[in-house]
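Chain residues, written in single-letter form:
Number of protein chains: 2
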Amino acid sequence: MKIINSTPRADGFHMPAEFAPHYGCIMIFPERADSWQYGGYAARRAFVEVAAAISESEKVTVCASEKQYENARRLLPERVRVVEMSSNDAWARDYAPTFVTDGKTLRGINWGFNAWGGLVDGLYFPWDLDDKMARKLCDLYEIDMYDLCNFILEGGSIHVDGEGTCITTEACLLSKGRNPNLTKEEIENYLREFLNVEKIIWLKNGIFGDETNEHVDNICAFVKPAEVVLAWTEDRADPQYELSRACLETLENTTDARGRRIKVHKMLCPKPVTITAEECAGLDTMNFAPTRTAGERLAASYVNFYIANNAVVMPIFNDPNDDLAVDLLTKLFPTRKIFPVYARDILIGGGNIHCITQQIPLAKNE
Amino acid sequence: MKIINSTPRADGFHMPAEFAPHYGCIMIFPERADSWQYGGYAARRAFVEVAAAISESEKVTVCASEKQYENARRLLPERVRVVEMSSNDAWARDYAPTFVTDGKTLRGINWGFNAWGGLVDGLYFPWDLDDKMARKLCDLYEIDMYDLCNFILEGGSIHVDGEGTCITTEACLLSKGRNPNLTKEEIENYLREFLNVEKIIWLKNGIFGDETNEHVDNICAFVKPAEVVLAWTEDRADPQYELSRACLETLENTTDARGRRIKVHKMLCPKPVTITAEECAGLDTMNFAPTRTAGERLAASYVNFYIANNAVVMPIFNDPNDDLAVDLLTKLFPTRKIFPVYARDILIGGGNIHCITQQIPLAKNE
Numbered sequence: 018m019k020i021i022n023s024t025p026r027a028d029g030f031h032m033p034a035e036f037a038p039h040y041g042c043i044m045i046f047p048e049r050a051d052s053w054q055y056g057g058y059a060a061r062r063a064f065v066e067v068a069a070a071i072s073e074s075e076k077v078t079v080c081a082s083e084k085q086y087e088n089a090r091r092l093l094p095e096r097v098r099v100v101e102m103s104s105n106d107a108w109a110r111d112y113a114p115t116f117v118t119d120g121k122t123l124r125g126i127n128w129g130f131n132a133w134g135g136l137v138d139g140l141y142f143p144w145d146l147d148d149k150m151a152r153k154l155c156d157l158y159e160i161d162m163y164d165l166c167n168f169i170l171e172g173g174s175i176h177v178d179g180e181g182t183c184i185t186t187e188a189c190l191l192s193k194g195r196n197p198n199l200t201k202e203e204i205e206n207y208l209r210e211f212l213n214v215e216k217i218i219w220l221k222n223g224i225f226g227d228e229t230n231e232h233v234d235n236i237c238a239f240v241k242p243a244e245v246v247l248a249w250t251e252d253r254a255d256p257q258y259e260l261s262r263a264c265l266e267t268l269e270n271t272t273d274a275r276g277r278r279i280k281v282h283k284m285l286c287p288k289p290v291t292i293t294a295e296e297c298a299g300l301d302t303m304n305f306a307p308t309r310t311a312g313e314r315l316a317a318s319y320v321n322f323y324i325a326n327n328a329v330v331m332p333i334f335n336d337p338n339d340d341l342a343v344d345l346l347t348k349l350f351p352t353r354k355i356f357p358v359y360a361r362d363i364l365i366g367g368g369n370i371h372c373i374t375q376q377i378p379l380a381k382n383e
Numbered sequence: 018m019k020i021i022n023s024t025p026r027a028d029g030f031h032m033p034a035e036f037a038p039h040y041g042c043i044m045i046f047p048e049r050a051d052s053w054q055y056g057g058y059a060a061r062r063a064f065v066e067v068a069a070a071i072s073e074s075e076k077v078t079v080c081a082s083e084k085q086y087e088n089a090r091r092l093l094p095e096r097v098r099v100v101e102m103s104s105n106d107a108w109a110r111d112y113a114p115t116f117v118t119d120g121k122t123l124r125g126i127n128w129g130f131n132a133w134g135g136l137v138d139g140l141y142f143p144w145d146l147d148d149k150m151a152r153k154l155c156d157l158y159e160i161d162m163y164d165l166c167n168f169i170l171e172g173g174s175i176h177v178d179g180e181g182t183c184i185t186t187e188a189c190l191l192s193k194g195r196n197p198n199l200t201k202e203e204i205e206n207y208l209r210e211f212l213n214v215e216k217i218i219w220l221k222n223g224i225f226g227d228e229t230n231e232h233v234d235n236i237c238a239f240v241k242p243a244e245v246v247l248a249w250t251e252d253r254a255d256p257q258y259e260l261s262r263a264c265l266e267t268l269e270n271t272t273d274a275r276g277r278r279i280k281v282h283k284m285l286c287p288k289p290v291t292i293t294a295e296e297c298a299g300l301d302t303m304n305f306a307p308t309r310t311a312g313e314r315l316a317a318s319y320v321n322f323y324i325a326n327n328a329v330v331m332p333i334f335n336d337p338n339d340d341l342a343v344d345l346l347t348k349l350f351p352t353r354k355i356f357p358v359y360a361r362d363i364l365i366g367g368g369n370i371h372c373i374t375q376q377i378p379l380a381k382n383e
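Residue numbers (our numbering), protein chains in the order written: chain X, 18 to 383; chain P, 18 to 383.
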C-alpha cells in the first residue's frame with residue numbers, strides 16, 4: 018500500500034455519490050457491551066439483516082474481531098466475506114476510508130478519527146483501533162491512500178452528490194472536539210481538495226440529541242443530484258422542529274455546484290423514541306456510569322438509510338410513520354428494492370444503517 | 018465462504034507442485050518472544066527479507082496481529098499486503114490452507130492443527146488461533162473450503178510433485194500426537210483423497226532433532242517431477258547420517274506415481290548449528306522453563322527453501338557449505354534467481370524459509 022502525498026483534486030479523483038454504482042460495502046460486527054445490548058446479541062441480529070440485504074446486490078465485507086469472528090462467520094450469509102480486524106466499535110461509515118476514484122482506479126482517504134470529539138466530547142476512550150481501520154482497509158483492498166490523519170472527520174458528517182456538491186453540518190464540523198484550530202474556510206478547503214467538490218452547503222444542525230454532534234447523514238441525504246430527503250416533524254413543540262426548519266430554509270435558499278436549486282422531500286420522523294429501563298439494564302457501564310438512562314431520547318430518523326446497487330436498506334421503528342417513509346423511498350428509488358429493517362437495536366448504539374455501512378464505489382476498470 | 022463436503026479427488030481438484038506457477042504467497046509476522054529472540058526483532062528482519070524477495074515475482078500477503086500491524090506495515094515493502102490476523106505463532110506453511118485447483122478455480126483445505134503433537138508432544142499451548150487461520154484465509158481470498166479439521170496435518174509434512182506423487186515422513190505422520198487412531202492406510206487415504214495423489218513415498222525420518230517430528234520439508238523437496246534434493250552429510254559420526262542414508266535408500270528403491278525412478282541430489286547440510294547462551298538469553302521462558310538451552314542443536318538444512326515464480330529463496334548459515342548449496346540450487350533452477358537469506362534467526366524459532374511461507378497456486382482463470 019502506497020501513501021500518496023498529493024490530493025484527490027490534484028490527481029483528478031473525486032468521491033462519487035452513494036447512488037452511483039458500487040463495487041461493494043464494508044461493515045463491522047458489533048461487540049462492545051456498553052454500546053450494544055446483551056453483549057451485542059441484539060444488534061448483531063440487525064447487522065446481519067442489513068448485511069444480507071446489501072449483499073444481494075454488491076460484495077459485502079464484514080470486519081470482526083478475533084473474538085467475534087466465529088459468530089460473524091456463522092451468522093452471516095456465505096456470500097458475505099468476513100475478515101478479522103480489530104476495532105473499538107462498529108461504525109464503518111465513520112472510520113472506514115472515504116473512497117475516491119478517477120473513473121479507472123480506486124483510492125482511499127484516511128481521515129483522523131477521535132470518537133466524535135476526542136477528549137472534549139468524544140463518546141468513548143480509547144479510539145485507536147477505529148482510527149487504524151482506514152489504513153488497514155486500504156491495505157486489505159490493495160489500494161493507495163491519501164493520509165489525512167491529522168484532520169478529524171467522520172464519513173457520516175458528509176454527503177456528496179458526485180457532481181461537485183457536499184452537504185454537511187456546522188454543529189459537527191465546527192465542533193470544538195474536532196479541528197478547533199481550523200477556520201471554517203480552512204475546513205472547507207480540506208473538503209474541496211479531498212472530496213473534490215466545488216460547493217459546500219452548511220446546514221446548521223442535525224437531529225436533536227444526535228451524539229455525533231449532529232452528523233448530516235441522520236438528517237439529510239441526496240437521492241439524486243439536486244434532490245434530497247430531509248428529516249422533518251410537524252410538531253412545533255418538538256425541539257427537532259426548529260432544527261429541521263432551519264435546514265429547509267438553508268436548502269431552499271441555495272443552489273448546488275452546478276447552479277441548480279435543490280428539491281427537498283420532507284421525511285417525517287418517527288415519534289420520539291426513548292430507551293426503556295429494561296434496555297438500559299442490558300447495557301454494560303462505561304467509566305462506572307450507565308451509558309444511557311431510561312427515558313433518554315434516541316436520535317431516530319428514517320434518513321439514515323444505505324443506498325446499495327439494487328436496494329435501499331432503511332431503518333424502521335414500529336411507528337405509524339414507517340409506512341410513509343417506506344412509500345417515500347419507494348417513490349424516490351423506483352429501480353431499487355426497499356428493505357426496511359427494524360432498527361431499534363442499532364439506534365440504541367447511537368446511529369443507524371447508514372452509520373454502520375461504507376460503500377466502495379465501482380471504479381470503471383474493475 | 019462455502020464449506021464443501023466432498024473431496025478434491027471427487028471434484029477433480031489437486032494440489033499443484035510448488036514449482037508450478039503461483040498466484041501468490043502467505044506469510045505471518047513473527048511476534049512471540051518465547052519463539053523468537055528479542056521480542057521477535059531478530060526474526061522480523063529475516064522474515065522481511067524473505068517477503069521482499071518473494072514479492073519480486075508474486076503477490077505476498079503477510080498476516081500480522083493488531084499489535085504488530087504497524088511494525089509489519091512499516092518494515093515490509095509497499096508491494097506486500099499486510100492484513101490483520103491473529104495467530105499463536107508464525108508458521109504459515111503449517112496452518113495456512115493447502116490450496117488445490119482444477120485448473121480454473123482455487124479451493125482451500127483446512128487441516129486440523131495441534132501445534133505439532135497436541136498434548137502428547139506439541140510445542141506450545143494453546144494453538145487455537147493458528148488452527149483458525151486456514152478458515153480465515155479461505156474467507157479472505159473468497160475461496161471455498163474443504164474442512165478436514167479433525168484430521169491433523171501440517172503443510173510442512175507433505176511435498177507433492179503435482180503429478181500424483183506425495184513424499185512424507187513416518188516419524189511425523191505416524192506420530193502419537195497427531196492421528197493416533199488412524200492406521201497408516203487410513204492416513205494414506207486422506208492424502209490420496211485431499212491432495213489427489215496416487216502414490217505416497219514414506220521416508221522414515223527427517224532432520225535429526227527436528228521438533229516438528231521431522232517434517233519432510235526440512236529434509237527432502239521436489240525440484241521437478243521425479244527429481245528431489247535430499248539433505249545429506251558425509252560425517253558418519255553425525256546421527257543425521259543414518260537418517261539421510263535411510264531416506265536415500267527409500268528414494269532409490271521406489272518409483273513415483275508415473276512409474277519413474279527418482280533422481281536424488283544430495284545437499285550437504287551445514288555443520289551442526291547450536292544455539293548460544295546469549296541467544297538463549299534473548300528468548301522468553303515458556304511454562305517457567307527456557308524454550309531452548311545453550312548448546313542445543315538446531316535442525317539446520319538447506320532443503321527448507323521456497324520456490325517462488327522467478328526465484329528460490331533459500332536459507333544460509335554462514336557455513337562453508339553455503340556456497341555448495343547455492344551452487345546446487347542455481348544448477349537445479351536455471352530460470353530462477355537464487356536469493357540466499359542468512360536464516361539463523363528463523364532457525365532459532367524451530368523452522369526455516371519453507372516453514373514460514375505457503376504458496377497459492379495460480380488457477381488458470383485468474
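Just so you know, not all the hints are guaranteed correct.
Just so you know, same-sequence chains aren't split out, so a pair can sit in one copy or run between any two.
Said to hold, decoys possible - Capping the alpha-carbon separation at 35 Å, the derived lysine-lysine pairs in DSBU-like fashion look like this:
id: 1; residue 1: Lys354; residue 2: Lys19
id: 2; residue 1: Lys221; residue 2: Lys19
id: 3; residue 1: Lys280; residue 2: Lys19
id: 4; residue 1: Lys348; residue 2: Lys221
id: 5; residue 1: Lys381; residue 2: Lys19
id: 6; residue 1: Lys381; residue 2: Lys121
id: 7; residue 1: Lys288; residue 2: Lys381
id: 8; residue 1: Lys76; residue 2: Lys193
id: 9; residue 1: Lys19; residue 2: Lys288
If you're looking for bench data, these hints aren't it; they were derived computationally from the structure.
Here the structure is a predicted model, which means the values were calculated and not measured.
Taking the hints in turn, this is what the structure says about them:
no. : hint            : result
1   : Lys354 / Lys19  : between (38 Å within a copy, 26 Å between copies)
2   : Lys221 / Lys19  : neither (37 Å within a copy, 48 Å between copies)
3   : Lys280 / Lys19  : neither (41 Å within a copy, 46 Å between copies)
4   : Lys348 / Lys221 : within (28 Å within a copy, 73 Å between copies)
5   : Lys381 / Lys19  : both (21 Å within a copy, 28 Å between copies)
6   : Lys381 / Lys121 : both (5 Å within a copy, 25 Å between copies)
7   : Lys288 / Lys381 : neither (43 Å within a copy, 57 Å between copies)
8   : Lys76 / Lys193  : neither (37 Å within a copy, 44 Å between copies)
9   : Lys19 / Lys288  : neither (48 Å within a copy, 43 Å between copies)
Hints 2, 3, 7, 8 and 9 from the list above are not met by this structure, while the remaining hints are.
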